Amino acid sequence: MGNFHELLDHEVTLAFMRYGTIVVLKMMLMSTITAFFRMKKKVRDESWSYEKKQCVDSFPRIHLNDLENIIPFLFAGFFYSFSGVSLSTALLHYRIFLGSRIFHTIAYLVPLPQPSRGLAWMAGYLVTFSMMYKVIMIAFTVS
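Residues in the sequence shown are numbered consecutively from 0, following numbering that gives the first Met the number 0.
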(Lines of atoms letter the chains of each structure in order from A and count residues from 1; the text may use other names and numbers.)
(Lines give C-alpha, C1' and ligand atoms only; values in the text may rest on other atoms or scores of the structure.)
Protein backbone atom coordinates (compact mmCIF):
# COMPACT_ATOMS: atom_id res chain seq x y z
CA MET A 1 0.00 0.00 0.00
CA GLY A 2 2.79 2.52 0.45
CA ASN A 3 3.74 4.54 3.43
CA PHE A 4 1.84 7.17 5.39
CA HIS A 5 3.61 10.07 3.68
CA GLU A 6 2.26 8.94 0.30
CA LEU A 7 -1.27 9.07 1.75
CA LEU A 8 -0.69 12.61 2.94
CA ASP A 9 0.28 13.65 -0.58
CA HIS A 10 -3.18 12.65 -1.82
CA GLU A 11 -5.33 15.82 -1.78
CA VAL A 12 -8.66 14.02 -1.28
CA THR A 13 -7.29 12.14 1.74
CA LEU A 14 -6.00 15.38 3.22
CA ALA A 15 -9.39 17.00 2.68
CA PHE A 16 -11.09 14.06 4.40
CA MET A 17 -8.67 14.34 7.33
CA ARG A 18 -9.45 18.05 7.69
CA TYR A 19 -13.23 17.76 7.53
CA GLY A 20 -13.29 14.54 9.53
CA THR A 21 -11.29 16.22 12.29
CA ILE A 22 -13.66 19.19 12.32
CA VAL A 23 -16.79 17.04 12.69
CA VAL A 24 -15.15 14.91 15.40
CA LEU A 25 -14.17 18.04 17.31
CA LYS A 26 -17.75 19.31 16.97
CA MET A 27 -19.04 16.02 18.34
CA MET A 28 -16.58 16.14 21.26
CA LEU A 29 -17.56 19.74 21.95
CA MET A 30 -21.19 18.72 22.41
CA SER A 31 -20.30 16.38 25.29
CA THR A 32 -18.25 19.14 26.89
CA ILE A 33 -21.13 21.61 26.52
CA THR A 34 -23.51 19.04 28.04
CA ALA A 35 -21.27 18.66 31.08
CA PHE A 36 -20.90 22.44 31.40
CA PHE A 37 -24.65 23.09 31.37
CA ARG A 38 -25.32 20.23 33.78
CA MET A 39 -22.84 21.73 36.24
CA LYS A 40 -24.14 25.25 35.66
CA LYS A 41 -27.77 24.23 36.28
CA LYS A 42 -26.73 21.79 39.02
CA VAL A 43 -28.54 18.96 37.28
CA ARG A 44 -27.93 15.36 38.26
CA ASP A 45 -29.65 12.44 36.62
CA GLU A 46 -31.65 11.64 39.73
CA SER A 47 -32.70 15.21 40.53
CA TRP A 48 -33.99 16.59 37.25
CA SER A 49 -36.86 19.01 37.44
CA TYR A 50 -38.82 19.73 34.29
CA GLU A 51 -37.40 23.28 33.94
CA LYS A 52 -33.81 22.16 34.32
CA LYS A 53 -34.34 19.23 32.00
CA GLN A 54 -35.68 21.50 29.25
CA CYS A 55 -32.45 23.53 29.30
CA VAL A 56 -29.99 20.66 29.49
CA ASP A 57 -31.72 17.81 27.68
CA SER A 58 -31.15 19.01 24.12
CA PHE A 59 -27.35 18.69 24.32
CA PRO A 60 -27.26 14.91 24.91
CA ARG A 61 -29.77 14.45 22.08
CA ILE A 62 -27.58 16.51 19.74
CA HIS A 63 -24.55 14.49 20.83
CA LEU A 64 -26.37 11.19 20.26
CA ASN A 65 -27.50 12.34 16.82
CA ASP A 66 -23.89 13.31 16.04
CA LEU A 67 -22.74 9.83 17.06
CA GLU A 68 -25.36 8.25 14.82
CA ASN A 69 -24.29 10.32 11.81
CA ILE A 70 -20.62 11.25 12.17
CA ILE A 71 -19.32 7.72 12.74
CA PRO A 72 -20.85 6.39 9.47
CA PHE A 73 -19.55 9.51 7.70
CA LEU A 74 -16.02 8.82 8.95
CA PHE A 75 -16.21 5.21 7.82
CA ALA A 76 -17.65 6.08 4.41
CA GLY A 77 -15.38 9.09 3.92
CA PHE A 78 -12.24 7.10 4.67
CA PHE A 79 -12.89 4.60 1.89
CA TYR A 80 -14.37 7.28 -0.36
CA SER A 81 -11.13 9.26 -0.19
CA PHE A 82 -9.34 6.32 -1.85
CA SER A 83 -12.00 5.73 -4.51
CA GLY A 84 -10.37 7.90 -7.15
CA VAL A 85 -12.96 10.65 -6.87
CA SER A 86 -11.97 14.17 -7.91
CA LEU A 87 -11.02 16.68 -5.27
CA SER A 88 -13.91 19.01 -6.13
CA THR A 89 -16.49 16.20 -5.78
CA ALA A 90 -14.99 15.05 -2.49
CA LEU A 91 -14.91 18.60 -1.13
CA LEU A 92 -18.55 19.06 -2.11
CA HIS A 93 -19.50 15.92 -0.14
CA TYR A 94 -17.39 16.85 2.89
CA ARG A 95 -18.56 20.46 3.00
CA ILE A 96 -22.24 19.59 2.67
CA PHE A 97 -21.90 17.07 5.50
CA LEU A 98 -20.10 19.54 7.77
CA GLY A 99 -22.62 22.27 6.99
CA SER A 100 -25.54 19.92 7.63
CA ARG A 101 -24.20 18.91 11.05
CA ILE A 102 -23.59 22.51 12.09
CA PHE A 103 -27.00 23.61 10.83
CA HIS A 104 -28.65 20.62 12.55
CA THR A 105 -27.12 21.71 15.86
CA ILE A 106 -28.23 25.31 15.37
CA ALA A 107 -31.73 24.15 14.40
CA TYR A 108 -31.89 22.08 17.58
CA LEU A 109 -30.67 24.83 19.91
CA VAL A 110 -32.50 27.89 18.56
CA PRO A 111 -35.04 25.98 17.95
CA LEU A 112 -35.91 26.45 14.31
CA PRO A 113 -39.26 25.14 13.11
CA GLN A 114 -39.44 21.75 11.47
CA PRO A 115 -38.59 20.60 8.85
CA SER A 116 -35.31 22.54 9.15
CA ARG A 117 -33.69 20.02 11.49
CA GLY A 118 -34.99 17.09 9.46
CA LEU A 119 -33.70 18.58 6.21
CA ALA A 120 -30.29 19.17 7.77
CA TRP A 121 -30.19 15.56 8.93
CA MET A 122 -31.29 14.32 5.50
CA ALA A 123 -28.59 16.31 3.69
CA GLY A 124 -25.88 14.71 5.81
CA TYR A 125 -27.45 11.28 5.48
CA LEU A 126 -27.66 11.56 1.68
CA VAL A 127 -24.02 12.64 1.48
CA THR A 128 -22.95 9.60 3.50
CA PHE A 129 -25.16 7.35 1.37
CA SER A 130 -23.69 8.84 -1.81
CA MET A 131 -20.16 8.11 -0.64
CA MET A 132 -21.06 4.56 0.38
CA TYR A 133 -22.74 3.97 -2.98
CA LYS A 134 -19.54 4.99 -4.79
CA VAL A 135 -17.41 2.72 -2.59
CA ILE A 136 -19.78 -0.24 -3.03
CA MET A 137 -19.92 0.21 -6.80
CA ILE A 138 -16.11 0.19 -6.96
CA ALA A 139 -15.98 -2.90 -4.73
CA PHE A 140 -18.36 -4.81 -6.99
CA THR A 141 -16.66 -3.79 -10.24
CA VAL A 142 -13.20 -4.75 -8.98
CA SER A 143 -14.17 -8.22 -7.78
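No lab work stands behind these hints: they were computed from the structure.
Predicted model, so just to flag it, every value in this text is computed and none were measured.
Treat the hints with caution; some may be incorrect.
Stated by the list, open to error - Using C-beta positions, here's what the derived DEER-type ranges look like:
| # | residue 1 | residue 2 | range |
| --- | --- | --- | --- |
| 1 | TYR132 | MET27 | 25 to 31 Å |
| 2 | PHE139 | ALA34 | 30 to 36 Å |
| 3 | LYS39 | ILE137 | 46 to 52 Å |
| 4 | THR31 | GLU67 | 15 to 21 Å |
| 5 | ILE32 | PRO71 | 18 to 24 Å |
| 6 | PRO112 | PHE78 | 33 to 39 Å |
| 7 | LEU111 | PHE81 | 16 to 22 Å |
By construction, the Cβ of each residue, glycine as well, lies at the ideal position given by its N, Cα and C atoms.
Pairwise beta carbon distance, PRO112 to PHE78, judged against the given window 33 to 39 Å
36 Å, holds
Regarding ILE32 and PRO71, is the given constraint of 18 to 24 Å on their beta-carbon distance met?
23 Å, holds
Take the C-beta atom of PHE139 and the C-beta atom of ALA34, compute their distance, and say whether it sits inside 30 to 36 Å.
44 Å, violated
Using the C-beta atoms of LYS39 and ILE137, is the stated range 46 to 52 Å upheld?
48 Å, holds
Does the beta carbon distance between THR31 and GLU67 stay inside 15 to 21 Å, or does it fall outside?
19 Å, holds
Please check whether TYR132 and MET27 have a Cβ separation lying inside 25 to 31 Å.
Hint holds: Cβ distance 29 Å, inside 25 to 31 Å.
Do the beta carbons of LEU111 and PHE81 sit within 16 to 22 Å of each other?
36 Å, violated
Hint violations for this structure: numbers 2 and 7, all remaining hints satisfied.
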